[in-house]
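Trainee: Sequence:
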Amino acid sequence: MSWQQVVEQTVVGLGYDLVDLERSAGGLLRVTIDWLWGGAQAQERFITVEDCERVTRQLQYVLEVEGVDYRRLEVGSPGIDRPLRHARDYERFVGETVDVTLRAPIGAVGAGAVAPGRKKFRGVLRRGEAPGAWQLELVEDAPAKLAAKSPRRSAEPVAVQVLGFTLDEVREARLAPIVDFKGRRPRGAAGNA
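Each residue of the sequence shown is one higher than the one before, starting from 1 at the first, in the numbering used here.
Worth double-checking, as some hints may not be accurate.
Pair by pair, the computed Cβ-Cβ distance ranges are [to be verified]:
#1 A87 - E50: 19 to 25 Å
#2 D168 - Q60: 33 to 39 Å
#3 P105 - E53: 28 to 34 Å
#4 Q161 - V65: 50 to 56 Å
#5 A115 - G15: 24 to 30 Å
#6 L28 - R126: 32 to 38 Å
#7 E96 - T48: 18 to 24 Å
Keep in mind the hints are simulated off the structure, nothing from the lab. We put the beta carbon where it would ideally sit given N, CA and C, even for glycine.
All chains, please: the whole structure from these sequences, using the hints.
Mentor: Listed below in structure tokens is the structure:
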């Protein structure tokens, strides 16, 4: 059994999902974990420091028993820009905004809707019509920003472009880190602005 299989078996055995596994030339072993997804009806849970400590302790023991050579072990959560690597990750995050980088430019398939050399896209992840197919709804957000600044301006419907793809065509996919830096408003203050 390879050291990667040992790590994955240990992490999954503890009830977590192995999101990423990285080993550097300097001896760093970096393990990224998340909770196993329980389906669309499951409540979202977040990885805590205690979860990372639990996995670290178990991995240290198992890696010593298996004779895996490493200098430092880091166990962490995937963060707000979590990578999507497996079909189950795409299933889990349907409806979320994601960044997708294709292996090859879209070329003539874009039919003038996007630049022919474009490989990077941001949009809302959707299931495709065929098994194993996925879609990314690309929405231009400039009209939405204008409508948000001027409530009197009517928000015209925005044309939605849809990019269809399979996992074989994807070089990298991540959740898009969308953060509101305006801060929280006090309760009841939404109507007072």
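Trainee: Does each hint fit the structure? Answer for all of them.
Mentor: How the hints compare with the structure:
1. A87 - E50: 19 to 25 Å: violated, 30 Å
2. D168 - Q60: 33 to 39 Å: Hint holds: Cβ distance 36 Å, inside 33 to 39 Å.
3. P105 - E53: 28 to 34 Å: Distance hint for P105, E53 is violated at roughly 44 Å.
4. Q161 - V65: 50 to 56 Å: Check passed, 53 Å falls within 50 to 56 Å.
5. A115 - G15: 24 to 30 Å: Roughly 44 Å apart at Cβ, these two residues miss the hinted range, so it is violated.
6. L28 - R126: 32 to 38 Å: The hint (32 to 38 Å, Cβ to Cβ) holds, given that L28 and R126 are roughly 37 Å apart.
7. E96 - T48: 18 to 24 Å: holds, 22 Å
Of the hints listed earlier, those the structure fails to meet are numbers 1, 3, 5, in rising order.
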